[in-house]
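K.L.:
If you want the building blocks of each chain, they are given just below.
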Amino acid sequence: MPDVVVCVKQTVDVYQLKPHPETLAPQIGQAQWKNSDFDLNALEEALRIREKHGGKVYVVSAGHDVKPLLVRECLAMGADEAFVLSDPSLEKADGSATAKVLSSIIKAKIPRWDLILCGEASLDQNSYQTGPRLAEIFNVPHVSYVTKLEVGGGGIKAWRAVEDGVEVVSCNLPAVVTVGLEINTPRLPSLLMIRAAQRKPLNELKLSDVGLTSNDVMPKAETVEIKALKTERKKQKFEGKPEELAERLAELIISNVGGRR
Amino acid sequence: MKALVFGEKPEQTASLAAYLSKSIQPETTYAAAFTEYSPTELETVGGAGVKKIYVLPDKNWHAGPASTAHALSELAKQNGVDIVVVYASKKGNEIAARTAQRLDASYASEVISVERSGDAFLVKRLVLGGGYVASLLLRHRPSVVSIKPASENIVPGDKPVVERLNIVSDAPEVKFLESIKPEKAHVDLEKAGVVVAVGRGFKKKEDLAMAEELARIIGAEVGCSRPISGDLKWLEEERHIGLSGKRVRPSLYIALGISGQVQHLVGMRDSKTVIAVNTDPNAPMAIESDYFFVADLYKILPITIESLKKKLVS
Numbered sequence: 001m002p003d004v005v006v007c008v009k010q011t012v013d014v015y016q017l018k019p020h021p022e023t024l025a026p027q028i029g030q031a032q033w034k035n036s037d038f039d040l041n042a043l044e045e046a047l048r049i050r051e052k053h054g055g056k057v058y059v060v061s062a063g064h065d066v067k068p069l070l071v072r073e074c075l076a077m078g079a080d081e082a083f084v085l086s087d088p089s090l091e092k093a094d095g096s097a098t099a100k101v102l103s104s105i106i107k108a109k110i111p112r113w114d115l116i117l118c119g120e121a122s123l124d125q126n127s128y129q130t131g132p133r134l135a136e137i138f139n140v141p142h143v144s145y146v147t148k149l150e151v152g153g154g155g156i157k158a159w160r161a162v163e164d165g166v167e168v169v170s171c172n173l174p175a176v177v178t179v180g181l182e183i184n185t186p187r188l189p190s191l192l193m194i195r196a197a198q199r200k201p202l203n204e205l206k207l208s209d210v211g212l213t214s215n216d217v218m219p220k221a222e223t224v225e226i227k228a229l230k231t232e233r234k235k236q237k238f239e240g241k242p243e244e245l246a247e248r249l250a251e252l253i254i255s256n257v258g259g260r261r
Numbered sequence: 001m002k003a004l005v006f007g008e009k010p011e012q013t014a015s016l017a018a019y020l021s022k023s024i025q026p027e028t029t030y031a032a033a034f035t036e037y038s039p040t041e042l043e044t045v046g047g048a049g050v051k052k053i054y055v056l057p058d059k060n061w062h063a064g065p066a067s068t069a070h071a072l073s074e075l076a077k078q079n080g081v082d083i084v085v086v087y088a089s090k091k092g093n094e095i096a097a098r099t100a101q102r103l104d105a106s107y108a109s110e111v112i113s114v115e116r117s118g119d120a121f122l123v124k125r126l127v128l129g130g131g132y133v134a135s136l137l138l139r140h141r142p143s144v145v146s147i148k149p150a151s152e153n154i155v156p157g158d159k160p161v162v163e164r165l166n167i168v169s170d171a172p173e174v175k176f177l178e179s180i181k182p183e184k185a186h187v188d189l190e191k192a193g194v195v196v197a198v199g200r201g202f203k204k205k206e207d208l209a210m211a212e213e214l215a216r217i218i219g220a221e222v223g224c225s226r227p228i229s230g231d232l233k234w235l236e237e238e239r240h241i242g243l244s245g246k247r248v249r250p251s252l253y254i255a256l257g258i259s260g261q262v263q264h265l266v267g268m269r270d271s272k273t274v275i276a277v278n279t280d281p282n283a284p285m286a287i288e289s290d291y292f293f294v295a296d297l298y299k300i301l302p303i304t305i306e307s308l309k310k311k312l313v314s
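Just so you know, the protein sequences line up as chains R and F, in that order. Under our numbering, the first sequence has 196 at position 196, and the numbering climbs by one with no breaks. Under our numbering, the second sequence has 295 at position 295, and the numbering climbs by one with no breaks.
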C-alpha cells in the first residue's frame, strides 16, 4: 500500500492576469488564486493509485499566503490529509527555497512515504525544478514529464514524453514523479465530497514547526523585475458574411506567402 | 570566468558555447559529453569556443538524470566553474535542476538570455504563462542555467583538448526500457516559413483535414495548441506550439480556432505576420494578430481553400 505525497502550489490565475497599462507590471493584487493546473493532475494520479493499491494521499503546500479554501478543494477531491505552511518570506521563493520548505515539511510530518508526485512545472513560474530538486534532497530517483504511470512490486513503470517520442522507464520506490496534463483529467468534487472534506485534517504549520528560519528559505535566484511582453500587431478585425470573409482570407494568405512561392 | 556547457547532442553543446562566447565571454569554456565526438563535431565545438571537453562514461547518461547530474556537478567542482549551462531540452531541464540542487547553486531554467551584471549573472525568462519577462539575478557561484539558444552557423575551429574521465556514481538509477518513436515523419516546425496552427475550434479529429489541405496548398506545416496534441492526441506532440512545446518563427502564422492562451502565444510570438480565425471577437488572439477574422472556420475555410486553389493555379 503505497503512501503518496502530492505537492500542490497555489498560484495566481495567469489566464486572468492583466498588466498595468503603463508600468507593464502584472497586477497580481487583482488576480484570483488557484491550485496550479498540473499539480491537480498529480493529485488525481495519486487518488487513482490509492483506489487501485490502497495507502494514503497527503497534500503538501507552501507559500507566502496559502489559502485554506484551495487546500479544501484538494481534500474534497479525495486527499486524506493536508500539511500547509504559510510564511511571508516565501513570497520571493525560488526553486531552491521551495524544495527546501517542501522537503522539510515531508521530513517533519510524513516520515513514511513511497512516492512524491508533483506537476511537471507550475502555472506561474514554469521552472520544472521542484520534482527533480526534491528527488535530489531525498536521494531517490525521479521521472519527469510522465504521461502514464504504473505502480507495483516496489517500483514504478512510467511512460514519459520527451522531444523525440515516448520513453518507457522504471525505477524503485521511493521515487519522485512529475506529470503534465496528458496523464489524466482531474475529477471535480461532488457536493458530498466537499462537505466530507470539512472534517479532514488540514494542518497549518509555521517555519519553526519544520525546523526552519526565514534565513533558510532565502532565494538563490532573485527576481528583480517582471514586465509584460508587448507585441506590435496590426490588430485589424474582419467581420461579415462568410463568403466575403473567406475571399478576404484567401487574398491575405496569398499576399503573405506570395514572396515565398 | 569559467563555464561548463552540456547538451544532449553535439550541436546543442556547440550552440551553448557559441552563445556564451557572444554574451558573457568566459575565459575558459569546458564541455561535458557522454559519447565520443567525431573529429568534425570536435572542430564544431572547438570553433564555438570550447577549450576542453570531458568525455565521461556513457553509463553516467544511461543510468538517468541523477547520475548525469552527479557527473556534471563533479566536473563543475573540479574545475571551479562559475556557471554551468545546460541545453534546455526536457532532459536538460531535469538534469540542470538536480545539478543545481547538488551544487546548492542559484538556478534559472529555460532562460532567454544571460549576461554579466557585476559579480552576478542577470538572466531573463518567461513567466506567468509566457506573457511576462522576469529578470533574475544569480549571485551564488556556481550558478546554473538552462537555455535553448537560437541555432547559428558555427565556423569550425581547433579541436578542444579531450580528456576521458571516470566518475563513479552511486546516484539512484532510472532504468531505460524502450523508446516509442512517433509514427509520422519528423516535422521541423521551428524552421517552417508558413505555419497553419489548429486549436479547440475544431470539433472532430477528421475536421483537421481542412487545415491539412490548406497547409498543403500553400506549402505550410501544421502545428497545434497543447490540447490538440496533449488531451485529445489528434496530432503528434512534435506539432505542439507553445510554452512546453515548439517555438516557431514563420513569416506567416495562421491560427485556426485558437483562442490564444498565453501558453500558446509564447510559442508563436516571433512570427512575422499573424492571421487568425476565431468565433470569439474577444479571444486573446484578437490583439495578438495582424488580421483577425471573427468567423466560424467551418463556414469560411472550405470557401477559402477553393478560392486559393483557383488563384494559385492561375
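Worth flagging that the hints you see were computed from the coordinates, not collected in a lab. Glycine included, C-beta positions come from ideal geometry on N, C-alpha and C. Careful: at least some of the hints might be erroneous.
[To be verified] Simulated pairs of lysine to any residue, SDA-like, Cα-Cα distance not exceeding 25 Å:
| no. | chain 1 | residue 1 | chain 2 | residue 2 |
| --- | --- | --- | --- | --- |
| 1 | F | 309 | R | 227 |
| 2 | F | 124 | R | 206 |
| 3 | R | 92 | F | 280 |
| 4 | R | 227 | R | 21 |
[Said to hold, decoys possible] These stretches of chain R come out as covered by chain F in the derived footprint (C-beta under 8 Å, 3 or more residues):
| no. | stretch |
| --- | --- |
| 5 | 5-18 |
| 6 | 34-47 |
| 7 | 66-80 |
[Unchecked claim] Restraint ranges, calculated between C-beta atoms of paired labels, are given here:
| no. | chain 1 | residue 1 | chain 2 | residue 2 | range |
| --- | --- | --- | --- | --- | --- |
| 8 | R | 222 | F | 175 | 37 to 45 Å |
| 9 | F | 313 | R | 236 | 23 to 31 Å |
| 10 | R | 204 | F | 35 | 29 to 37 Å |
| 11 | F | 279 | R | 152 | 40 to 48 Å |
| 12 | F | 177 | R | 65 | 41 to 49 Å |
| 13 | F | 157 | R | 229 | 42 to 50 Å |
| 14 | F | 302 | R | 198 | 49 to 57 Å |
K.L.:
Now tell me if each hint is right for this structure.
P.N.:
Here's how the hints hold up against the structure:
1. For the proposed pair residue 309 of chain F and residue 227 of chain R, the alpha carbon gap of about 44 Å is over 25 Å, so the pair is violated.
2. Pair hint residue 124 of chain F plus residue 206 of chain R does not hold up; C-alpha atoms about 32 Å apart against a cutoff of 25 Å.
3. Note on residue 92 of chain R and residue 280 of chain F: the hinted pairing is violated, with a Cα-Cα distance of about 37 Å set against a maximum of 25 Å.
4. Using a Cα cut-off of 25 Å, the hinted pair residue 227 of chain R and residue 21 of chain R holds, with the two alpha carbons roughly 11 Å apart.
5. A count of 4 residues in the stretch 5-18 of chain R with a Cβ less than 8 Å from any Cβ of chain F is obtained; the coverage claim is therefore met, three being the minimum.
6. Restraint check on the stretch 34-47 of chain R versus chain F: 0 residues with Cβ-Cβ distances below 8 Å, three needed, restraint violated.
7. Coverage of a stretch by a chain is defined here by at least three residues with a beta carbon nearer than 8 Å to that chain's beta carbons; for the stretch 66-80 of chain R and chain F the count is 0, and the condition is violated.
8. Roughly 38 Å separates the CB atoms of residue 222 of chain R and residue 175 of chain F, a value that falls within the hinted 37 to 45 Å.
9. For the hinted restraint 23 to 31 Å between residue 313 of chain F and residue 236 of chain R, the CB-CB distance of approximately 28 Å keeps it satisfied.
10. Checked against the hint of 29 to 37 Å, the pair residue 204 of chain R and residue 35 of chain F fails, with Cβ atoms roughly 50 Å apart.
11. For the hinted restraint 40 to 48 Å between residue 279 of chain F and residue 152 of chain R, the CB-CB distance of approximately 46 Å keeps it satisfied.
12. Between residue 177 of chain F and residue 65 of chain R the Cβ separation comes to about 43 Å, which falls inside the hinted range of 41 to 49 Å.
13. At roughly 36 Å, the beta carbons of residue 157 of chain F and residue 229 of chain R sit outside the given window of 42 to 50 Å.
14. Range check, residue 302 of chain F to residue 198 of chain R: Cβ separation about 54 Å, and the 49 to 57 Å hint holds.
Hints 1, 2, 3, 6, 7, 10 and 13 from the list above are not met by this structure, while the remaining hints are.
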